Amino acid sequence: MPDMNKQQREQLPTASDEQPQFGSIENPGLMLADEEGTTLEKRGAYAAPEVQGPQSKPRGAWGEAWRELRHNPSFYVSGVLLLFLIFMAFFPGVFTDIDPRHCPILDTNKDPSGDHWFGTNVQGCDVYARTVFGARASIIVGVATTALIVVIGGLIGALSGYFGGWLDTILARVTDIFFGIPLLLAALVFMSSFKDRTVWTVVAALGIFGWMQIARIMRGSVITVKKSDYVVAARALGAGTGRILGRHVLPNAIAPVIVVATISLGTFIATEATLSFLGIGLPPTEISWGADISSATTALRDSPYQLIFPSIFLSVTVFSFILLGDAVRDALDPKLR
Amino acid sequence: MTTIDTKKKPEGSGSAGAAPLLEVDNLHVEFRTREGVAKAINGVSYDVSAGETLAVLGESGSGKSVTAQTIMGILDMPPGHITGGEIRFHGKDMLKMSKEERRKIRGQKISMIFQDALSALNPVYSVGFQLAEMFTVHRGMSRKNAKLKAIELMDQVRIPAAKDRVDDYPHQFSGGMRQRIMIAMALALDPELIIADEPTTALDVTVQAQVMDLLAELQRERNMGLILITHDLGVVADVADKIAVMYAGRIVEQAPVRELYRQPTHPYTKGLLESIPRLDHKGRELYAIKGLPPNLMRIPSGCAFNPRCPYAQDICRSDVPPLHRISAGRGSACHFWETVMEGEVRG
Numbered sequence: 001m002p003d004m005n006k007q008q009r010e011q012l013p014t015a016s017d018e019q020p021q022f023g024s025i026e027n028p029g030l031m032l033a034d035e036e037g038t039t040l041e042k043r044g045a046y047a048a049p050e051v052q053g054p055q056s057k058p059r060g061a062w063g064e065a066w067r068e069l070r071h072n073p074s075f076y077v078s079g080v081l082l083l084f085l086i087f088m089a090f091f092p093g094v095f096t097d098i099d100p101r102h103c104p105i106l107d108t109n110k111d112p113s114g115d116h117w118f119g120t121n122v123q124g125c126d127v128y129a130r131t132v133f134g135a136r137a138s139i140i141v142g143v144a145t146t147a148l149i150v151v152i153g154g155l156i157g158a159l160s161g162y163f164g165g166w167l168d169t170i171l172a173r174v175t176d177i178f179f180g181i182p183l184l185l186a187a188l189v190f191m192s193s194f195k196d197r198t199v200w201t202v203v204a205a206l207g208i209f210g211w212m213q214i215a216r217i218m219r220g221s222v223i224t225v226k227k228s229d230y231v232v233a234a235r236a237l238g239a240g241t242g243r244i245l246g247r248h249v250l251p252n253a254i255a256p257v258i259v260v261a262t263i264s265l266g267t268f269i270a271t272e273a274t275l276s277f278l279g280i281g282l283p284p285t286e287i288s289w290g291a292d293i294s295s296a297t298t299a300l301r302d303s304p305y306q307l308i309f310p311s312i313f314l315s316v317t318v319f320s321f322i323l324l325g326d327a328v329r330d331a332l333d334p335k336l337r
Numbered sequence: 001m002t003t004i005d006t007k008k009k010p011e012g013s014g015s016a017g018a019a020p021l022l023e024v025d026n027l028h029v030e031f032r033t034r035e036g037v038a039k040a041i042n043g044v045s046y047d048v049s050a051g052e053t054l055a056v057l058g059e060s061g062s063g064k065s066v067t068a069q070t071i072m073g074i075l076d077m078p079p080g081h082i083t084g085g086e087i088r089f090h091g092k093d094m095l096k097m098s099k100e101e102r103r104k105i106r107g108q109k110i111s112m113i114f115q116d117a118l119s120a121l122n123p124v125y126s127v128g129f130q131l132a133e134m135f136t137v138h139r140g141m142s143r144k145n146a147k148l149k150a151i152e153l154m155d156q157v158r159i160p161a162a163k164d165r166v167d168d169y170p171h172q173f174s175g176g177m178r179q180r181i182m183i184a185m186a187l188a189l190d191p192e193l194i195i196a197d198e199p200t201t202a203l204d205v206t207v208q209a210q211v212m213d214l215l216a217e218l219q220r221e222r223n224m225g226l227i228l229i230t231h232d233l234g235v236v237a238d239v240a241d242k243i244a245v246m247y248a249g250r251i252v253e254q255a256p257v258r259e260l261y262r263q264p265t266h267p268y269t270k271g272l273l274e275s276i277p278r279l280d281h282k283g284r285e286l287y288a289i290k291g292l293p294p295n296l297m298r299i300p301s302g303c304a305f306n307p308r309c310p311y312a313q314d315i316c317r318s319d320v321p322p323l324h325r326i327s328a329g330r331g332s333a334c335h336f337w338e339t340v341m342e343g344e345v346r347g
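Line by line, the protein sequences give chains A and B. According to our numbering, the first sequence is numbered sequentially starting from 1. According to our numbering, the second sequence is numbered sequentially starting from 1.
Same shape as in the complex, but just chain A:
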């Protein structure tokens, strides 16, 4: 019997706990009156956000962001474009059976036709085939460089943000120094010091001189998260440094980094194209949009197609990544919109 009483006593306050309070505990009568319908409308309005919570499927911050993303048209546009480009990068054979390295010199500078959709270039190579095959280098450089800067920048930023003190001072100065070096110039110098250049040399060059923005953002983000109550609470409940960093700081600090990384992916692809255009990027044996754009300039007046088609693909790729980055930013930080 006393147990029953206890239960009853608990039931009322617990239920009311879920709702905004209109009556007070000293005045339960008032609260009941409210529940019976006098201000039901008002109640409903106030309780609305709460109602949906327990019934719908629980969602964390990431689930919420994913839901937001799925309602964003620019996510679909960029997503479809990127899937298409990535597919093209990995399976160029699906799109063409012309060998991009087969260049009969007699076919030089042909206009687009049934045989050569985008025409041919100076050496007589098929521009369509070269454009299709050129996607691979761009996508690999973009994705690998971004992965590299997230690792380098993320690590440096997280360390200096979390530990602070002299480590922060040193790392911040190092970041400043690298910030002072223009990416393109540094990459040019770096690349010219290698005899055998591959895709990975380009990735290294862009990665080594491109991580600073990520580091700064990571640092700021970690500092904010580090001071949050749940990190202090985790410490108070016995969590060690590794656990705090891995479980609490990083998952909460990574969002802005993802946004910036996605956007910079596009700019790295553009920078690779610039390097290749200048003749210092990928070796001539590799097929790259930048190199093709460069060689097309010589025949610009007679056959502009050689320049236009790879340029369109390059622009669309860069645009898609930047658009995706915008969509991700909107999803992860709705306040920024």
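These are computed hints drawn from the structure, not numbers from a lab. Computed from a predicted model, the values in this text were never measured in an experiment. Hints are not guaranteed to be accurate.
Claimed, not checked - Here are the simulated DSS-like cross-link-like pairs (lysine-lysine), alpha carbons at most 30 Å apart as the crow flies:
id : chain 1 : residue 1 : chain 2 : residue 2
1  : B       : LYS144    : B       : LYS109
2  : B       : LYS96     : B       : LYS109
3  : B       : LYS147    : B       : LYS163
4  : B       : LYS99     : A       : LYS226
5  : B       : LYS282    : A       : LYS226
6  : B       : LYS99     : B       : LYS149
7  : B       : LYS147    : A       : LYS226
8  : A       : LYS227    : B       : LYS147
9  : B       : LYS104    : B       : LYS144
10 : B       : LYS92     : B       : LYS104
11 : B       : LYS149    : B       : LYS96
12 : B       : LYS99     : B       : LYS109
13 : A       : LYS227    : B       : LYS109
14 : B       : LYS99     : A       : LYS227
15 : B       : LYS92     : B       : LYS147
16 : B       : LYS149    : B       : LYS163
17 : B       : LYS149    : B       : LYS109
18 : B       : LYS282    : A       : LYS227
19 : B       : LYS104    : A       : LYS226
20 : A       : LYS226    : B       : LYS290
21 : B       : LYS163    : B       : LYS109
22 : B       : LYS144    : B       : LYS163
23 : B       : LYS109    : B       : LYS92
24 : B       : LYS149    : A       : LYS226
25 : A       : LYS227    : B       : LYS96
26 : B       : LYS109    : B       : LYS147
Once you've looked at the hints, dock chain B against the given chain A.
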């Protein structure tokens, strides 16, 4: 409905004569900042036994939270520096322990409840995951068993339909429910002492009472020590066994709860009691202690309260009053405690 842990037999609150669980002894903490040195704690001593509730009362900046952070070992150092004193847990000075030893005490022996549960819970994990993690990490339980334990704990802190809500995220709970989760987290590893730093300040009044009752009940059941930090005199009256009132980093009055309410012996406590609104004084102007709390970088000489004190005389401006022992468990850091004690509490 609620399953109650019966491993520990309740021994009645405040088992007299037993060695205290935790003793803070003449603790000094200061913050060294660019603007100067702020003396946040200037010789605080108090103790808590198993099953006992100590309420630490004081306004913002009185050092009550800093003391708690120092006990927990979560004080930001630097700028914080512990310049003196001991904190003994089961007689052993925690300030001399290694980092690893202290970490093992946190959460398992001494645990803490924070003011704002929404910000004290990690937003990217479900509450069930966060609760279960306490068991997987510290008790080596399997994920499945840990989740069952998490549901059991949520039941114990009276979250309705715990089984359905275990996968919900912190923002999907109401304030009161969130604070219950926070309490569950703190209780997960069966600590001997809980420090609750303003556990009900972020809640509205009706929910405050429920959460406070729950906390008090769980404490009795498990015979834990409880340090309740608050600035709300109303919260402590029903729950605490004894009260320590802090002002400018010192304890100005220490007393069993009933005696303090009936007969304060420090002008500051008296002022606090007099500034509580009372129904029978309707229409009368509410009393307020004049002046502002002191700047911790420039604490007044002598008694820190002297510029605001109606009893202040020359000696108060020159000599720091020691904590005069009035009776067992009762002390006042006022030169004129006898006069204050005789005076009636106006309201």
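Tested hints:
| no. | hint | in the structure |
| --- | --- | --- |
| 1 | LYS144/B x LYS109/B | holds (25 Å) |
| 2 | LYS96/B x LYS109/B | holds (17 Å) |
| 3 | LYS147/B x LYS163/B | holds (10 Å) |
| 4 | LYS99/B x LYS226/A | holds (19 Å) |
| 5 | LYS282/B x LYS226/A | violated (47 Å) |
| 6 | LYS99/B x LYS149/B | holds (29 Å) |
| 7 | LYS147/B x LYS226/A | holds (27 Å) |
| 8 | LYS227/A x LYS147/B | holds (28 Å) |
| 9 | LYS104/B x LYS144/B | holds (24 Å) |
| 10 | LYS92/B x LYS104/B | holds (14 Å) |
| 11 | LYS149/B x LYS96/B | violated (34 Å) |
| 12 | LYS99/B x LYS109/B | holds (15 Å) |
| 13 | LYS227/A x LYS109/B | holds (24 Å) |
| 14 | LYS99/B x LYS227/A | holds (20 Å) |
| 15 | LYS92/B x LYS147/B | violated (35 Å) |
| 16 | LYS149/B x LYS163/B | holds (11 Å) |
| 17 | LYS149/B x LYS109/B | holds (19 Å) |
| 18 | LYS282/B x LYS227/A | violated (44 Å) |
| 19 | LYS104/B x LYS226/A | holds (21 Å) |
| 20 | LYS226/A x LYS290/B | violated (38 Å) |
| 21 | LYS163/B x LYS109/B | holds (27 Å) |
| 22 | LYS144/B x LYS163/B | holds (13 Å) |
| 23 | LYS109/B x LYS92/B | holds (13 Å) |
| 24 | LYS149/B x LYS226/A | holds (29 Å) |
| 25 | LYS227/A x LYS96/B | holds (26 Å) |
| 26 | LYS109/B x LYS147/B | holds (22 Å) |
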